[in-house]
Amino acid sequence: MRPRTIPDWIAFVLLLIGAFAWAAFVTDVNVLDRALEPIADPLDDIVFVLIGLAGLYWIIRVITGERSHQH
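Residue numbers for the sequence shown follow our numbering, so the first one is 19 and each next one is one higher.
Please note: incorrect hints may appear among the correct ones.
Pairwise CB distance ranges (calculated) [to be verified]:
| id | residue 1 | residue 2 | range |
| --- | --- | --- | --- |
| 1 | T82 | R52 | 32 to 42 Å |
| 2 | R22 | R52 | 17 to 27 Å |
| 3 | A37 | I57 | 20 to 30 Å |
| 4 | R20 | A58 | 27 to 37 Å |
| 5 | F38 | D59 | 27 to 37 Å |
Hints listed in this document are in silico derivations from the structure and should not be mistaken for laboratory results. Note that beta-carbon positions come from the ideal geometry of N, C-alpha and C, so glycine has one too.
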């Protein structure tokens, strides 16, 4: 399933950021924390919440997209 709308693309980019952040987190480096902490300490928490919402968005999109293609 490909991103087609602007919200799709925003959610997709957030998911990519989250994937890279988790990959770095496994190596004990919180990339988002290091990148965003100098700007504003709670900013990385906000980004992680947005990443979580993007994940939910794509789960819903994939589930509803598969249902519409079955008919």
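Structure-based check of each hint:
no., hint, result
1, T82 / R52: 32 to 42 Å, "holds, 36 Å"
2, R22 / R52: 17 to 27 Å, "violated, 33 Å"
3, A37 / I57: 20 to 30 Å, "holds, 22 Å"
4, R20 / A58: 27 to 37 Å, "holds, 33 Å"
5, F38 / D59: 27 to 37 Å, "violated, 21 Å"
Hint check: violations occur at hints 2 and 5; the rest are consistent with the structure.
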